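J.: The lines below spell out each chain.
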Amino acid sequence: MSALWAALGGLRDEIAAHLVLSLAALALGVAVALALTLWAARNRTVARLALGLASLVQTVPALALLALFYPLLLWLSALVGARIPALGFLPALLALALYAVLPVLRNGVTGLARLDPAVREAAEAMGLTAGQKLRWVEAPLVAPYVVAGIRTAAVWTIGAATLATTVGATSLGDPIFAGLQTQDWALVLAGCLAAAALALAADGAIALVERGVAERRPLPAWVGLGLVFAALGWALLPGKAAERETLVVGAKNFSEQYILARLIGERLTDAGYAVEYREGLGSAVVFKALASGDIDAYVDYAGTLWTNELKRRDNPNPQTIRDEISFWLGKRGAARVIGALGFENAYVFAMQPAVARSRGIATLDDLARASPRLTLGADLEFLDRPEWAAVDAAYRFRFARAKRYSPTFMYRALAGGDADVITAFGSDGRIAADRLVVLGDPRRAIPNYDALLLVSARCAAQPSCLRALQPLVGRIPVEAMREANFRVDRDADKQTPAHAANWLAAKVGLAR
Amino acid sequence: MGPEIRFERVTRRFGAATAVDGVDLTIAPRSLVALVGHSGSGKSTLLRCVNRLDHGVAGEGVVSLGGEDVGAIPATALRRRLGYVFQSIGLFPHMTVAQNVAIGRRARSEALVADELAGLLEQVGLPADYATRLPRELSGGEQQRVGIARALAIEPEVLLLDEPFAALDPVTRDALGKTVRALHDARGTTTILVTHDMAEAMLLADRVVVLERGRIVADASPADLAAGRAGEAAEALVAVPREQARRIAELGQ
Numbered sequence: 001m002s003a004l005w006a007a008l009g010g011l012r013d014e015i016a017a018h019l020v021l022s023l024a025a026l027a028l029g030v031a032v033a034l035a036l037t038l039w040a041a042r043n044r045t046v047a048r049l050a051l052g053l054a055s056l057v058q059t060v061p062a063l064a065l066l067a068l069f070y071p072l073l074l075w076l077s078a079l080v081g082a083r084i085p086a087l088g089f090l091p092a093l094l095a096l097a098l099y100a101v102l103p104v105l106r107n108g109v110t111g112l113a114r115l116d117p118a119v120r121e122a123a124e125a126m127g128l129t130a131g132q133k134l135r136w137v138e139a140p141l142v143a144p145y146v147v148a149g150i151r152t153a154a155v156w157t158i159g160a161a162t163l164a165t166t167v168g169a170t171s172l173g174d175p176i177f178a179g180l181q182t183q184d185w186a187l188v189l190a191g192c193l194a195a196a197a198l199a200l201a202a203d204g205a206i207a208l209v210e211r212g213v214a215e216r217r218p219l220p221a222w223v224g225l226g227l228v229f230a231a232l233g234w235a236l237l238p239g240k241a242a243e244r245e246t247l248v249v250g251a252k253n254f255s256e257q258y259i260l261a262r263l264i265g266e267r268l269t270d271a272g273y274a275v276e277y278r279e280g281l282g283s284a285v286v287f288k289a290l291a292s293g294d295i296d297a298y299v300d301y302a303g304t305l306w307t308n309e310l311k312r313r314d315n316p317n318p319q320t321i322r323d324e325i326s327f328w329l330g331k332r333g334a335a336r337v338i339g340a341l342g343f344e345n346a347y348v349f350a351m352q353p354a355v356a357r358s359r360g361i362a363t364l365d366d367l368a369r370a371s372p373r374l375t376l377g378a379d380l381e382f383l384d385r386p387e388w389a390a391v392d393a394a395y396r397f398r399f400a401r402a403k404r405y406s407p408t409f410m411y412r413a414l415a416g417g418d419a420d421v422i423t424a425f426g427s428d429g430r431i432a433a434d435r436l437v438v439l440g441d442p443r444r445a446i447p448n449y450d451a452l453l454l455v456s457a458r459c460a461a462q463p464s465c466l467r468a469l470q471p472l473v474g475r476i477p478v479e480a481m482r483e484a485n486f487r488v489d490r491d492a493d494k495q496t497p498a499h500a501a502n503w504l505a506a507k508v509g510l511a512r
Numbered sequence: 001m002g003p004e005i006r007f008e009r010v011t012r013r014f015g016a017a018t019a020v021d022g023v024d025l026t027i028a029p030r031s032l033v034a035l036v037g038h039s040g041s042g043k044s045t046l047l048r049c050v051n052r053l054d055h056g057v058a059g060e061g062v063v064s065l066g067g068e069d070v071g072a073i074p075a076t077a078l079r080r081r082l083g084y085v086f087q088s089i090g091l092f093p094h095m096t097v098a099q100n101v102a103i104g105r106r107a108r109s110e111a112l113v114a115d116e117l118a119g120l121l122e123q124v125g126l127p128a129d130y131a132t133r134l135p136r137e138l139s140g141g142e143q144q145r146v147g148i149a150r151a152l153a154i155e156p157e158v159l160l161l162d163e164p165f166a167a168l169d170p171v172t173r174d175a176l177g178k179t180v181r182a183l184h185d186a187r188g189t190t191t192i193l194v195t196h197d198m199a200e201a202m203l204l205a206d207r208v209v210v211l212e213r214g215r216i217v218a219d220a221s222p223a224d225l226a227a228g229r230a231g232e233a234a235e236a237l238v239a240v241p242r243e244q245a246r247r248i249a250e251l252g253q
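Read top to bottom, the protein sequences are chains A and B. The numbers in my numbering rise by one with no breaks, and the one at position 312 of the first sequence is 312. The numbers in my numbering rise by one with no breaks, and the one at position 112 of the second sequence is 112.
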């Protein structure tokens, strides 16, 4: 209980950001919906098209809609030649606004369609102009429908805004995603509770407006509006003075990434920068974000860049891979490799020792032979990555089933027997802790996955930024990384990524 | 004050159906003429040619007010000169009685002062304290009285009444009919009353025009109609109320 209170108390910034994002998206969505409603009122084809499109948008999962705006904005940036921020507030705002359009538009069009034909005829016969008809008759009579639509849209938007975390906008999704990843259930619950409370509060405030409009009593309407604006005012109060230059540290969606982001962030903070975190990003998003300057530092893995960004299928020695990546990045001029951290986090295939022994599996060749009777458990993206294609081509697997899990649940699936073999991570503390067997790769199909510290051109141009990060190079042995990961991933006595990062810094002699 | 209303070769078609078929009709200034016929006879369509509520309907012919072609007047300007009352009333549900009555004046950027409002309510037989009520708080008859006050508030030269009493109970419709006739006489408007009720037409109008399938089949004074001098088509419509009146009289003997 006290952990929950502590977690809730730490969410001030996330609640404020969530509120601002949701209300801004709602305002934009309502403006678009009202304009479309007016247009639709005068043109049946527009009404059908707009409603159809808005419904179509609604069928796209909110998560996918958010993700789609990232490449869209990058493409727009390239098109207009100006830098449009593709990560953070803007894509979240646009996607959520699009989501908010439908309920308002649908209610507006319905309200107009339900206007008493006698009232329309009277307005016309009295010689009202189109503008007078709109202002005096249509708008006041359709307003209750529109406000009801806004109420629905507000609840949707506040809920969906938790997903804005995935495109790097701060929201109440931050504690939810971070907590899910690190199994900090108090943090997850705090994020969910805060988001639910916001949605309920918005619902209540707009319900007051709705009642005021429906009964044509101004008082409840103004009270409801006042509540909304008071909340917005609170959210917009400057949280902390941000005079210092801000650097953004990125992280993918697993514990090691959260820990390393905190490690990097702490060093940048000590060097005098204000630091923001964009955590829980997808692999494909995070590198593009660095290249476009939306984030300034993160850790990626040699093999990931090699296959996904350089699109290479050959598998030379680790030094060659690292050199070619540095050369390739240098040529593009957008990002830079500071160096390897000292440990490798390769994709490895891991099994329960008893299962491996009973089926006689020690290498991927053995695994391929036994695969028709086995279930593969992969993380969310592995099966779509070129590494999987390369491994699969080399060994010709024929798994009975392949399932996807978020990393934490993947280990659970292996322990529970739902999966027979998983695509684990070499530096994961749970491999040692669960005494898993790692299968050999005799055909050398899996490339090297040295952890590389990458920075944006902006950081690379600042000696103080480079100086802050340089000491991390070659400093982190895989044992230390495994131990730090395990501190976050274990079921009992869990630590937050920030704690684990402090422990890691002390362990490798980089404590402040 | 009321102008002459003239229809010349007026035709209106809805697709293949002809609603009004070459009507020639001249309505004398300050007279009250009833257009009578079954539903679908074209009487409402003909009325709506005057204030151009028939937009989008194909047709030809000229309708003029005091010699002025209504087709040459912008629709909103035209309608702001004409009082219009219709069966479904169409009060604005979110406005008080006072706001409803004032709407036509407001459209012309004019005010309706309290004295005028009180006078209008009195003329249509409503208490002055009804001004602040909402339409849903009124009975059907009271609502139509507001509808008439709304039409009169713009001081119209012409009153167009499209089945104004059809949805009301017999006692209310008789009382409201008398009110309308009195207002017509007091204000000197030219009035067209569309109704399917021959008795109502005969009791209120100076002249009754009977329409059938878009054509005029009878055109006579109430006295001629009552005396059976208006031809076969009219006689068929007059026969029913006459027969009813006779049977009611017999009941009392």
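Treat the hints with care, since some could be wrong.
Straight line, CA to CA, 25 Å or less: simulated SDA-like cross-link-like pairs of lysine to any residue [as the list claims (entries may be wrong)]:
no. : chain 1 : residue 1 : chain 2 : residue 2
1   : A       : K133      : B       : A98
2   : A       : K133      : B       : L117
3   : A       : K133      : B       : R133
4   : B       : K178      : B       : L168
5   : A       : K133      : B       : V57
6   : A       : K507      : B       : V57
7   : A       : K133      : B       : A77
8   : A       : K133      : B       : E137
9   : A       : K133      : B       : R105
10  : A       : K133      : B       : K178
11  : A       : K133      : B       : E110
12  : A       : K331      : B       : L168
13  : A       : K133      : B       : L168
14  : A       : K133      : B       : V113
15  : A       : K133      : B       : R52
16  : A       : K133      : B       : T76
17  : A       : K133      : B       : G56
18  : A       : K133      : B       : P74
Quick look at which bits of chain B chain A covers, simulated, 3 or more residues with Cβ under 8 Å [stated by the list, open to error]:
no. : stretch
19  : 64-78
20  : 97-107
21  : 190-198
Hints are computed from structural coordinates only; laboratory data are not their basis. Since the model is a prediction, treat every value here as computed from it, not as a measurement. Glycine is no exception: its CB is placed at the ideal position from the N, C-alpha and C atoms.
J.: Return the numbers of the hints above that this structure violates; sort them in rising order.
T.: 6, 10, 12, 13 and 21
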